[in-house]
Amino acid sequence: MKVGVVTFPGSLDDRDAARAVRVAGGEAVALWHGDHDLRDVDAVVLPGGFSYGDYLRCGAIARFAPIMQELVKAAEGGLPVLGICNGFQILCESHLLPGALVRNDNLHFVCRDQRLRIESTSTMWTSDYEVGQEIVVPLKNGEGGYVADEATLDRLEGEGRVVARYLEVNPNGSRRDIAGISNERGNVVGLMPHPEHAVEALTGPTTDGLGFFTSILKGLVEA
Amino acid sequence: MTRHPDTVADAIAHPEREQPYEQLGLKANEYAEIREILGRRPTSGELAMYSVMWSEHCSYKSSKVHLRQFGEKKPETDTLLVGIGENAGVVDIGQGWAVTFKVESHNHPSYVEPYQGAATGIGGIVRDIISMGARPVAVMDPLRFGAADHPDTHRVLPGVVAGIGGYGNCLGLPNIGGEVVFDPCYQGNPLVNALCVGTLRHEDIHLASAKGVGNLVVLYGAKTGGDGIGGASILASETFEDGGPAKRPAVQVGDPFMEKLLIECTLEVLHAGLVEGIQDLGAAGISCATSELASNGDGGMHVVLDKVPLRDHTLTPEEILMSESQERMAAVVRPDRIDEFLAICAKWDVDAAIIGEVTATGRLVIEWQGEVIVDVPPRTVAHDGPVYERPYARPSWQDALQADVPDSLPRPKTADELRETVLRLAASPNLASKSWITAQYDRYVLGNTVLAQPEDAGVVRVDEESGLGVAISTDCNGRFAKLDPYAGAQLALAEAYRNVAATGGDPLAVTNCLNFGSPEDPDVMWQFERAVTGLADGCLQLGIPVTGGNVSFYNQTGTAAIHPTPVVGVLGVVDDVAQRTQMAFREMGDVVLLLGETRDELAGSEWAHVVHGHLGGLPPRVDLEAERALATVLVAASRGGLVGAAHDLSEGGVAQAVVEMALRHGVGATIDAPAALDPFVFLFSESTARAIVTAAPEQVERVTALAREHGVAVQ
Numbered sequence: 001m002k003v004g005v006v007t008f009p010g011s012l013d014d015r016d017a018a019r020a021v022r023v024a025g026g027e028a029v030a031l032w033h034g035d036h037d038l039r040d041v042d043a044v045v046l047p048g049g050f051s052y053g054d055y056l057r058c059g060a061i062a063r064f065a066p067i068m069q070e071l072v073k074a075a076e077g078g079l080p081v082l083g084i085c086n087g088f089q090i091l092c093e094s095h096l097l098p099g100a101l102v103r104n105d106n107l108h109f110v111c112r113d114q115r116l117r118i119e120s121t122s123t124m125w126t127s128d129y130e131v132g133q134e135i136v137v138p139l140k141n142g143e144g145g146y147v148a149d150e151a152t153l154d155r156l157e158g159e160g161r162v163v164a165r166y167l168e169v170n171p172n173g174s175r176r177d178i179a180g181i182s183n184e185r186g187n188v189v190g191l192m193p194h195p196e197h198a199v200e201a202l203t204g205p206t207t208d209g210l211g212f213f214t215s216i217l218k219g220l221v222e223a
Numbered sequence: 001m002t003r004h005p006d007t008v009a010d011a012i013a014h015p016e017r018e019q020p021y022e023q024l025g026l027k028a029n030e031y032a033e034i035r036e037i038l039g040r041r042p043t044s045g046e047l048a049m050y051s052v053m054w055s056e057h058c059s060y061k062s063s064k065v066h067l068r069q070f071g072e073k074k075p076e077t078d079t080l081l082v083g084i085g086e087n088a089g090v091v092d093i094g095q096g097w098a099v100t101f102k103v104e105s106h107n108h109p110s111y112v113e114p115y116q117g118a119a120t121g122i123g124g125i126v127r128d129i130i131s132m133g134a135r136p137v138a139v140m141d142p143l144r145f146g147a148a149d150h151p152d153t154h155r156v157l158p159g160v161v162a163g164i165g166g167y168g169n170c171l172g173l174p175n176i177g178g179e180v181v182f183d184p185c186y187q188g189n190p191l192v193n194a195l196c197v198g199t200l201r202h203e204d205i206h207l208a209s210a211k212g213v214g215n216l217v218v219l220y221g222a223k224t225g226g227d228g229i230g231g232a233s234i235l236a237s238e239t240f241e242d243g244g245p246a247k248r249p250a251v252q253v254g255d256p257f258m259e260k261l262l263i264e265c266t267l268e269v270l271h272a273g274l275v276e277g278i279q280d281l282g283a284a285g286i287s288c289a290t291s292e293l294a295s296n297g298d299g300g301m302h303v304v305l306d307k308v309p310l311r312d313h314t315l316t317p318e319e320i321l322m323s324e325s326q327e328r329m330a331a332v333v334r335p336d337r338i339d340e341f342l343a344i345c346a347k348w349d350v351d352a353a354i355i356g357e358v359t360a361t362g363r364l365v366i367e368w369q370g371e372v373i374v375d376v377p378p379r380t381v382a383h384d385g386p387v388y389e390r391p392y393a394r395p396s397w398q399d400a401l402q403a404d405v406p407d408s409l410p411r412p413k414t415a416d417e418l419r420e421t422v423l424r425l426a427a428s429p430n431l432a433s434k435s436w437i438t439a440q441y442d443r444y445v446l447g448n449t450v451l452a453q454p455e456d457a458g459v460v461r462v463d464e465e466s467g468l469g470v471a472i473s474t475d476c477n478g479r480f481a482k483l484d485p486y487a488g489a490q491l492a493l494a495e496a497y498r499n500v501a502a503t504g505g506d507p508l509a510v511t512n513c514l515n516f517g518s519p520e521d522p523d524v525m526w527q528f529e530r531a532v533t534g535l536a537d538g539c540l541q542l543g544i545p546v547t548g549g550n551v552s553f554y555n556q557t558g559t560a561a562i563h564p565t566p567v568v569g570v571l572g573v574v575d576d577v578a579q580r581t582q583m584a585f586r587e588m589g590d591v592v593l594l595l596g597e598t599r600d601e602l603a604g605s606e607w608a609h610v611v612h613g614h615l616g617g618l619p620p621r622v623d624l625e626a627e628r629a630l631a632t633v634l635v636a637a638s639r640g641g642l643v644g645a646a647h648d649l650s651e652g653g654v655a656q657a658v659v660e661m662a663l664r665h666g667v668g669a670t671i672d673a674p675a676a677l678d679p680f681v682f683l684f685s686e687s688t689a690r691a692i693v694t695a696a697p698e699q700v701e702r703v704t705a706l707a708r709e710h711g712v713a714v715q
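Read top to bottom, the protein sequences are chains A and B. Under the working numbering, think of the first position of the first sequence as 1, with each following residue one higher. Under the working numbering, think of the first position of the second sequence as 1, with each following residue one higher.
For reference, chain A alone in the conformation it holds in the complex:
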């Protein structure tokens, strides 16, 4: 199974995302922001980083990258897409996911081992977890506060589209402790914490993040 990882100028966690795909048993395929070619991948990860420097609004420039035109079409057609951190921001800017990510409420960049509760396993990226499962993965962001209007938040909750929630500490002021959400179909997931940094016991706080990558690979094999 081939999982594409897009590199934008300023992407930082692209190598990590590719490693996580490999650790989970998949084949990672490098995708370039300037191409119009998704290279026949079965799923795509938009990695963390500061695409184009994020000097405007995070993800606001990346959404106009040539590769995004193809990706938006493919995602609307059901291609699984996981956006991590900056990738989540790009998915929101691309309107594949509702809401927006704003500056952390404490105004500081924060890097910590974050406890999360998996709220939904009906997405293509979380099917290998159990509902209510608690995991610890790194979180690192300066603009990770998830916001949306009340109606949108209610709809996300009602439709079971809140994928993960912060436990113990809300590190960035996200509304309703939301750490990740999905689209209606469950193929597009945006997540502020970094599961790709928790796939090896040696370099991560846990291996709890591996589930996102095994979920998609198992799902694709079964499909």
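Because the hints were derived from the structure by calculation, they are not lab data. Any given hint could be a false lead.
[Said to hold, decoys possible] Under the rule of at most 30 Å between Cα atoms (straight-line distance), these lysine-lysine pairs were calculated in the DSS-like manner:
hint	chain 1	residue 1	chain 2	residue 2
1	B	Lys211	B	Lys347
2	A	Lys2	B	Lys347
3	B	Lys223	B	Lys211
4	B	Lys223	B	Lys74
5	A	Lys73	A	Lys218
6	B	Lys61	A	Lys73
[Said to hold, decoys possible] A partial selection of chain A residues facing chain B, derived with a Cβ cut-off under 7 Å:
hint	residue
7	Asp16
8	Phe109
9	Ala201
10	Thr203
Even for Gly, the Cβ is constructed at its ideal location relative to N, Cα and C.
For this one, chain A is given, so just place chain B on it according to the hints.
The following block gives chain B in isolation, referenced to the frame of chain A:
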């Protein structure tokens, strides 16, 4: 606005013109020397170049005579692939891998503009690493500020930390360690040092030289603007006078996004074999890059300054020569490879301009609007600057300071008093957790961070297949260096060496950042000479070479210099990072062992500082043979899987080490003070060559036997 530049022809025609060499930081004798080299007065462009390149910051003119010791006393070693003098030294770590690492200071810019000063400190050291052909894999920041509750600290610290985070996080380099120290001596003179480590295959080493007549000189990266003009000489070579004018315009502004592109673009052109020589643009900008490339190569270069891409079209040629705009590099490229080179730059959206070519003239010639404004022998600019034998003498107060021993200070005696002292020290600014700072740095990016702060050393994996990795620690206790600079430098070396060994790293090489007051003060110069000699002697004894470093002078306000602060970085090899040792208590029932000997050594200690505000006496005894024996035990125990945890003993002694080991994962320990020692001395002495380790009950005998075999005491 156009203005006729001061050309070489003008300099010959108008030899009498008065020149502002003093405002540019040059002394009268230096100006006279430039006139002698050129056989005429310099043009204003030449004056700009000489002034920045002959500044203390760029020329090491006061320190050179002492720094030679690092080469002269170099231990016999075959680990050094590239030595002192290049952008950064390169060390062989085995399996075809090499590592390059270096620390630099950005003290003065960080005082003037904390955020940008600290940010561009990271940017500069990272470019040093990529210009060796290495991929940067981690950064560390040794930081020193005034008292934690002083207004100057409140002004400087948040900006420095935000700048390091803002730049380093956006660049995608994990921040794996460093130091944060508070002491009133750094008020108005914060020390912001930055270390970067990079990895490369042996065959990928590149050097800064312009070889091959007809090869093209390419400037690529950010456009040149008016930032940092004169920064190198004006900021780094003059002491801050109280009430002086604000110097903000002289600080550079960083763009980490451009730096990230520059890393990827540079590594791609290097790996494609498109580069004959490469040099980063840091202090002194184009002046430095062109003169150093030419001086190291075939000796001649012709540059057309009009070709330099500008952000600000009103810049004068002198300003373009001196500009310290960040995120720029210069490469020497063969004409038949230039199209490939420019294509890779275009791929990364990096501006590139051919600004000149290598010549056989032996001269660096720079033209502007068709006229020659610089014509100099490049070596006189880059390498043959002035060298000073500054007078130095043991300060008149040194004996009194050393005689003021802490023996008569009241010591805690009862259990309650000892308990209160443990808590007071643990909560003091220098010993308390620094996570409020380090949580603002990304330590996970790149996915190879095995250990990061607050562990004894940062450990990164270099090879995912074999598990080969490196451990790095930086250390310095400025109080010890004040009491005895020779011993203080060796104690800094010993602590970094011990920290690396505690994680299981076999110490291999040394870098340094020597932060001192004014070299024009004989007291300071004596401290410097003693510290360099101590460090060189120590490295020789431990058998680990100095690969490079940095000197920062003029860290003083008025006549009050900072404590001499020779920050020492030690790099070690971890054969398999899966075997690394962590610092925390983990397993219930493990036995806690103290390795090394504890003596009554409290001069310069954290206890004397925090409880009594006292600094006097002689620092703890240096015993490098004991350090070597301890390190051998720690590395062998780590590789053999004999220990569960290891933590070096330094500031705060046994008491603080145990506090840190317990707090990391919330696992406590019961410690028995040995009957032969006064409990206070046992808890708070800062005797060196000691570490605490834990071992499972069935391993205790093996650990003890290993220690005894190497002559290390066990309690």
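**Q.** Broken hints, by number
**A.** 4, 6 and 9
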